[in-house]
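Protein sequences appear in the order of chains A and B. Taking our numbering, the leading residue of the first sequence gets 1, the next gets one more, and so forth. Taking our numbering, the leading residue of the second sequence gets 1, the next gets one more, and so forth.
No lab work stands behind these hints, which were simulated from the structure alone. Just so you know, nobody snuck in bad clues.
Simulated restraints, written as ranges between beta carbons of each label pair: (1) A/111 to B/92: 40 to 48 Å; (2) B/40 to A/51: 26 to 34 Å; (3) B/148 to A/111: 26 to 34 Å; (4) B/145 to A/112: 25 to 33 Å.
Residues of chain A clear of chain B, computed beta-carbon distances all greater than 12 Å: (5) 61; (6) 76; (7) 133; (8) 176; (9) 177.
Now the stretches of chain A that chain B is said to cover, found in silico as 3 or more residues with beta-carbon under 8 Å: (10) 23-35; (11) 82-89; (12) 107-117; (13) 120-126.
Using N, Cα and C, we set each Cβ at its ideal position, and we do this for glycine too.
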Amino acid sequence: MRTSRFILAALLISITLSATTVVPASVERLTVESTHVVLAQAVDSRASWNADHTRIYTYTRFQLLQSMKGTLPQSFTVKRLGGSAEGYTMKVAGVRSWRPGEQAVLFLQPDIDNTFFTTSLMQGDFRIQRQASGTLTVSNGVSGAKQVQANGQLTEFQGSRMTLDELQRRVRRVASQ
Amino acid sequence: MNSSSIRRSFALIAVLAIFSVALLLATPAFSYLFMFTRMTTGAAQPDHWDFSAFSVVYNVNPAVGSNFTGGGDPIQIVGQSFNTWNSAPNAAISITRGPDTTVHSAQFDGVNLICFVCQDKSSFGGTTDTLAVTVTTTSDTTGEATKHGVNSTFAGQIMDADIEFNPDVKWSTGSTVADSEQHLQTVATHEIGHVLGLDHSAVVRAMMFPYAPDVNTTLSYDDVAAISQLYPKGSPDVATGSISGTVSFSGGTGVFGAHVFADSTSSNLAFGSTIRKSPIGTLTRPDGSYSIAGLPADSYTVTAEPLDDPVVDSDISGYASAFSRSSVSINFNTRWH
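Looking at chain A on its own, in the form it has when it is part of the complex (with noise of 0.2 Å):
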């Protein structure tokens, strides 16, 4: 799809995203958003319907890696709406689950049953990939885009793509002011 990117990049005349629906955030913003910032490794998940058996959550517990906004303890878990359940399962169209051993920069806020859910959805979710070169980089799976506005002016959004010590160093920058 490289051949395409500029096309499709100049054809966009917003970058809203539709997923489920979203508008792209900044690292920045995240950040400002969230409560907890931690790069954490996904240990094990399951579901289960809630208690009105009405909704199918999908609980995964964390081991903490690193913390670079907020404290959390060593082991936490983060909930999420869908799953499989008893012969059912809810999606959320465009959110993701996490295999046990992913790795993952995630962006954080508290629920009420002393879980955590991602802020934005799948946007506070930068998931952790090795390359050929042995560089770990991170996306959250929103691609960069740029747009043409009414008077011809372009502006861009880079895109989540980013190197981890990139994403760790605006992470601290935001989350020291």
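Take the given structure of chain A and dock chain B to it, following the hints.
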């Protein structure tokens, strides 16, 4: 023309595109996709409704906040968005408005909720960055209660679907949007595509493309092909066919998740003037095979490319897992034929 010269041509078009919106309208890309349920047999079943099993209606919670501008009626606008899909060529869709409801959050309750003042703000990730959320509930097997007095008859049967619009977002009900606003009909039409079982498409001009322009209220050829495959009309409005093949690495191994699309080389408007012309495509299966269905009679260029941007694996979160894979293959170069 070989691949490298085609790439140069595309690069030239790309430069021109920055200066010409008109050119952009003629240069999109790629494909439709369904949401999937993985069956106990290991096969992946596209999620969809069975309109013959029970009457499928949507139920509006009519409460509307002061965050709506533009003078339009949000409920009527959502109705127009449903009608856009209901009137898609070659598709037999039957979703009408049912009784209003007081439900205010997405749940499996037999109510297909449309809610503008939704109570569960964690659904949106605690911010206004998330404009709207669609939640679907499907059956993993046959024989599960649907909450409509009958049991499910296939895995992947959609039994409930809810759309929550973020009450903290400023919504425009007019034909334009200010910088601080979002266009209700544009977002509603995209979300209803999810209600019907569609996942994201990588076709730039498709309604189901994950990045929306400010205002986009009409379907593309890609959307029509997708929805008519899920809900085929007994007597199609427009005759269509398919293009099939296999994408393989040089050693013969099939490429999983390659993006294959058919792009018309003519100016024919088989689906009429109200449907925006776009390429039509799909992703390859684990063995590299593909079948692009829903193609009106025309001449096409077929392209295979990696799903590496702007739409990536995470935009179609269920596809790889539906085939028991962790991700799609992107370690190959784009090919035109």
